[in-house]
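K.L.:
Sequences and hints are given; from them, build the entire structure.
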Amino acid sequence: MKKIYWILALGGVLTGAPLHAQTIEAVLRSVEQNNKELQAGQYAAEAGKMEVQTQNNLEDPSVEYSPFYADGVTGMASSELVVKQGFEFPTRYVARRSSGKLQQEVIDRQHRFLRQDVLLRAKNLCLDLIGLNQERLLLEERRKNADELLVLFEKRLSEGDASALEVNKIKMERMNVQTEAAQNAAAHRTALQQLLAMNGNQPLEFDETSYPNVPPVADYNTLYDEVIASDVALQTADAQVRAAEKEVSVNKQNWLPSIEVGYRRNTSMGEKSNGFLIGGSLPLFSNRKKLKIARAQASSARMQLDNTRLQVEAQVQGKFNEMTQLHEAMQAYDIRLMHQTLRMLRDAVEAGQLSIIEFYVEAENVYQNLQAYNKLENQYQKLMAEIYKNRL
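Start counting the sequence shown at 241; every next residue gets the next number (the working numbering).
Please keep in mind that the hints were generated in silico from the structure rather than gathered at the bench.
Here are the simulated DSS-like cross-link-like pairs (lysine-lysine), alpha carbons at most 27 angstroms apart as the crow flies:
#1 Lys395 / Lys409
#2 Lys411 / Lys395
#3 Lys486 / Lys289
#4 Lys324 / Lys512
P.N.:
What follows is the structure, given as structure tokens:
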């Protein structure tokens, strides 16, 4: 029989050909390709870079034609045609070109920062889905145990070897599991819808039940060096400093005059004359305080870089400490022992060595520890995703 896969999508349900389960890396590649926010950011970056390029364009040429009339003269007495082109001092074009390259670098790094943020959010959603899938498997195990124990104890009740209280306790366990399963399904659907929205509402199938293997960082200095060398926010702030400092050197040349060259043609009563036009302008007023503004902006950019570096260093230290604590806490859990304990409790109940009330008192503690471990592992994985976000 042919399988039909139902893939959640925003605004409804899509049906179609079977999709292969995707890994986190495959999901991130898909999000990078289909995400509308990234696409909008890419167009905005291209527009910003083209706008920077236009700052170094030549002035538009101008054409002026003036007819003159005089008393006693039929028609036009004389005319003047002026065609001219304005230029700035050549070194200003060179300086602005260098400044423009640095401004374009800032735009590229800002877009990279946006890309990193989008992919990190998508990865966190994938990690949340893995955690919810693990919780679903645990709930399915609990429900299976409850179903099997209910059959066993209903038989015992009919034979007089169990009480109605024990049967009711199992039924209450089933109700609790069904409630938690419904909550798990709702949370899973919400997370998947958010991931689909980030993927441009394109179908995705993600059913991973295990996290990627991410070992803890053993050496703080190694982590610090990697983050400082690759942090996108720090690189963006550094590019902004270099662009602002270059803008200072550009504004230092604003005192240089602009030049105009052109062609002039005059006609008067049958006489014609031609000539060249050469002129210029001195920026006595238009350049006022621009250099001070550029210097202030450069100082602001340097302060922002220092602040960003301090924040990144504090985050590295804080995340390293949190990672160490989470890893130690996870090592305290013996998952194999907890599952073995559940099997032993189940065997004891079936053998009549343990009442169903005592079973659920002990089993509930084990299930709570398993759920606590799942949440701890999810927190650890999301922390490691944040630590290694510059690798995205």
